[in-house]
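There are 2 protein chains.
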Amino acid sequence: MTTRMAREIAEQPETVRRTLAALTERRGDIRSLAAGRRRVLFAARGSSDNAAVYGRYLLETHAGVPGSLASPSVATHYRSRLDLTDTLVVCVSQSGATEEIVETQAWARECGAATIAVANVAGSPLVTEADLALVTEAGPEVAVPATKTYLAQLVAMAVLGTALAPDPASLDPELARVAGEVERLLATPVGDAVAALRDASYAVVSGRGLMMGTALETALKLEETCLRPVRGYSYADLRHGPISVVTEGMTALLVAAADGPLLAPLVELAGDLAARGATVVGIGGDASFAGACAVHVAGPDLPEAVAPLGAIVPAQLVVEALARELGLDPDAPRALAKVTRTDPHS
Amino acid sequence: MTTRMAREIAEQPETVRRTLAALTERRGDIRSLAAGRRRVLFAARGSSDNAAVYGRYLLETHAGVPGSLASPSVATHYRSRLDLTDTLVVCVSQSGATEEIVETQAWARECGAATIAVANVAGSPLVTEADLALVTEAGPEVAVPATKTYLAQLVAMAVLGTALAPDPASLDPELARVAGEVERLLATPVGDAVAALRDASYAVVSGRGLMMGTALETALKLEETCLRPVRGYSYADLRHGPISVVTEGMTALLVAAADGPLLAPLVELAGDLAARGATVVGIGGDASFAGACAVHVAGPDLPEAVAPLGAIVPAQLVVEALARELGLDPDAPRALAKVTRTDPHS
Numbered sequence: 001m002t003t004r005m006a007r008e009i010a011e012q013p014e015t016v017r018r019t020l021a022a023l024t025e026r027r028g029d030i031r032s033l034a035a036g037r038r039r040v041l042f043a044a045r046g047s048s049d050n051a052a053v054y055g056r057y058l059l060e061t062h063a064g065v066p067g068s069l070a071s072p073s074v075a076t077h078y079r080s081r082l083d084l085t086d087t088l089v090v091c092v093s094q095s096g097a098t099e100e101i102v103e104t105q106a107w108a109r110e111c112g113a114a115t116i117a118v119a120n121v122a123g124s125p126l127v128t129e130a131d132l133a134l135v136t137e138a139g140p141e142v143a144v145p146a147t148k149t150y151l152a153q154l155v156a157m158a159v160l161g162t163a164l165a166p167d168p169a170s171l172d173p174e175l176a177r178v179a180g181e182v183e184r185l186l187a188t189p190v191g192d193a194v195a196a197l198r199d200a201s202y203a204v205v206s207g208r209g210l211m212m213g214t215a216l217e218t219a220l221k222l223e224e225t226c227l228r229p230v231r232g233y234s235y236a237d238l239r240h241g242p243i244s245v246v247t248e249g250m251t252a253l254l255v256a257a258a259d260g261p262l263l264a265p266l267v268e269l270a271g272d273l274a275a276r277g278a279t280v281v282g283i284g285g286d287a288s289f290a291g292a293c294a295v296h297v298a299g300p301d302l303p304e305a306v307a308p309l310g311a312i313v314p315a316q317l318v319v320e321a322l323a324r325e326l327g328l329d330p331d332a333p334r335a336l337a338k339v340t341r342t343d344p345h346s
Numbered sequence: 001m002t003t004r005m006a007r008e009i010a011e012q013p014e015t016v017r018r019t020l021a022a023l024t025e026r027r028g029d030i031r032s033l034a035a036g037r038r039r040v041l042f043a044a045r046g047s048s049d050n051a052a053v054y055g056r057y058l059l060e061t062h063a064g065v066p067g068s069l070a071s072p073s074v075a076t077h078y079r080s081r082l083d084l085t086d087t088l089v090v091c092v093s094q095s096g097a098t099e100e101i102v103e104t105q106a107w108a109r110e111c112g113a114a115t116i117a118v119a120n121v122a123g124s125p126l127v128t129e130a131d132l133a134l135v136t137e138a139g140p141e142v143a144v145p146a147t148k149t150y151l152a153q154l155v156a157m158a159v160l161g162t163a164l165a166p167d168p169a170s171l172d173p174e175l176a177r178v179a180g181e182v183e184r185l186l187a188t189p190v191g192d193a194v195a196a197l198r199d200a201s202y203a204v205v206s207g208r209g210l211m212m213g214t215a216l217e218t219a220l221k222l223e224e225t226c227l228r229p230v231r232g233y234s235y236a237d238l239r240h241g242p243i244s245v246v247t248e249g250m251t252a253l254l255v256a257a258a259d260g261p262l263l264a265p266l267v268e269l270a271g272d273l274a275a276r277g278a279t280v281v282g283i284g285g286d287a288s289f290a291g292a293c294a295v296h297v298a299g300p301d302l303p304e305a306v307a308p309l310g311a312i313v314p315a316q317l318v319v320e321a322l323a324r325e326l327g328l329d330p331d332a333p334r335a336l337a338k339v340t341r342t343d344p345h346s
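Protein sequence lines, in the order shown, are assigned to chains A and B. In terms of our numbering, the first sequence is residues 1 to 346. In terms of our numbering, the second sequence is residues 1 to 346.
One should not assume that every hint holds.
[To be verified] Some chain B residues judged to face chain A by a derived CB distance under 10 Å, without partners named:
hint	residue
1	S170
2	L220
3	R231
No lab work stands behind these hints, which were simulated from the structure alone. Each residue gets a CB set at the ideal place from its N, CA and C atoms; glycine is no exception.
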């Protein structure tokens with residue numbers, strides 16, 4: 001039986017094509033709205049937050065624009081007054097109805113920010129109340145774990161990050177190849193990776209820089225969908241201390257781009273984790289990265305700046321297959337609802 | 001036998017008094033350096049990063065100044081050029097010698113930022129190269145887990161956060177009470193909390209807002225010192241998904257201030273986690289919070305804005321006692337060195 005999650009994963013080439021077509025033409029509007037603003041502040045939660053992590057790195061590394069992630073409680077609970085007249089605030093929510101993000105967007109406007117909403121539902125509160133809305137074209141998502149809506153958010157982040165770069169079209173040839181790469185990656189064999197995670201006493205996921213959001217999203221999906229306590233770390237944070245918990249019986253899942261300044265250190269990390277007894281599963285990277293991993297899963301043939309748009313696909317396949325292998329229903333993990341409330345009764 | 005970690009924990013009343021005395025008089029210098037700057041960007045790693053999380057919340061909730069946390073790889077690996085002429089960059093490192101933070105500070109200056117170093121070692125590279133140095137007065141720390149140097153960093157964050165507030169002296173009466181509260185909390189009984197963590201199949205730590213850094217630091221210490229895979233979450237992030245992994249046999253450690261807008265939701269979270277079968281251990285909060293926890297450890301009698309300066313003490317006592325109970329050496333956890341390098345061979 002094919003799960004809904006599997007079907008939604010398979011719809012992603014179409015999601016990428018439609019979303020890219022719909023949003024690329026908004027670059028001029030994004031630039032106009034951002035005129036005179038010096039920085040971008042993202043507000044999001046969960047998978048949307050992981051998409052924002054990519055958006056922030058792309059802005060800082062590709063567009064040269066400082067980005068940061070908001071702490072929603074400053075808006076929703078402390079109701080602080082900050083001067084955001086120099087800031088473009090980007091709120092990301094699949095449903096466009098996550099209450100704390102809608103509230104954070106309203107707060108940002110009161111603080112003087114220009115606002116962009118990234119959501120998959122036209123007519124949602126986040127979309128109707130923003131200065132500019134980037135509505136992704138993933139179509140309705142029924143399975144609880146976000147897959148195609150997450151990838152659609154990454155496309156929106158890529159459009160945003162390139163819109164604010166000196167040459168907004170400079171990554172267009174690479175972006176045009178994403179849908180094809182996603183299509184190709186749908187056939188990635190993941191059996192060995194699933195087995196390594198199934199048999200693990202504990203798992204960590206690591207990556208860094210532009211791939212950091214991919215590591216966090218993979219960890220979150222393993223945790224939510226496979227009910228495994230899993231931690232996503234920047235490899236720098238992992239090395240700084242928590243690496244001491246890495247021992248025999250643990251599986252470390254590393255996500256890497258095929259190029260970029262963080263590939264070589266990640267190859268080295270793979271070797272160090274293996275030396276501590278961990279089973280290292282790698283997604284992406286190059287031949288030397290594959291050689292340093294006990295189990296390797298192919299990643300996209302895309303440059304680092306857009307690699308997250310492909311690399312999440314094999315990770316999704318691993319999560320979906322592992323959930324089934326564990327006898328769980330990937331479509332409806334226990335205790336999760338599609339529209340989340342972080343303060344359910346307040 | 002008393003461990004060095006225990007002795008350094010016990011030195012903290014003196015650490016607080018000395019650091020507060022040394023840094024409070026720098027508020028004028030901080031204000032002068034910050035003049036014309038619109039925001040604060042923190043760069044740090046590990047425990048220092050957790051101190052910076054508190055600094056960021058205090059700035060946003062108390063001083064009304066936007067804060068954010070840097071991604072060091074943007075400086076050290078991508079070498080991006082960002083316009084930071086509107087930014088005060090605060091680099092935090094116990095040793096003042098953590099290479100990537102020293103490098104990030106140099107990058108920030110090249111990008112036009114004003115720089116403040118927070119370090120415990122006068123004459124360290126971070127201190128000598130900053131526009132302004134806040135040298136904490138913890139004295140040499142020998143045990144690998146940061147305790148008194150972390151609390152000294154929190155004091156520095158409190159001085160910074162109040163220096164940039166409209167009335168820099170408004171929290172002075174509360175800050176003057178911190179050393180006494182730390183002294184009092186050194187005698188906190190933690191045996192029941194240690195037992196609950198010792199017997200746990202898995203542990204999560206949660207808090208939010210001004211206490212978020214305390215939750216992250218407690219999780220990091222449990223992980224590094226007790227070699228337990230532990231995850232620190234904002235309670236909002238926990239509710240958004242990972243709460244699905246909370247089951248029987250798990251221990252949830254919650255840290256709360258005795259007042260503030262996040263106390264009531266945290267009491268509610270304690271009840272929800274207990275209903276899922278977790279053993280809930282609470283540190284701090286009020287009587288209703290204590291009532292919602294299976295095990296309760298007293299926290300400081302301090303308002304939320306400075307509560308983290310007291311609340312870390314019982315958490316440190318729990319970590320130190322748990323390590324000994326597990327037969328580990330709290331002074332020298334495996335695989336950790338005092339000055340960390342996140343890219344050891346590059």
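These are the hints, each one checked on the structure:
1. S170: violated, 15 Å
2. L220: Constraint on B/L220 satisfied, holds at 6 Å.
3. R231: Check passed: Cβ of B/R231 comes within 5 Å of chain A, closer than 10 Å.
Of the numbered hints stated above, the single one contradicted by the structure is hint 1.
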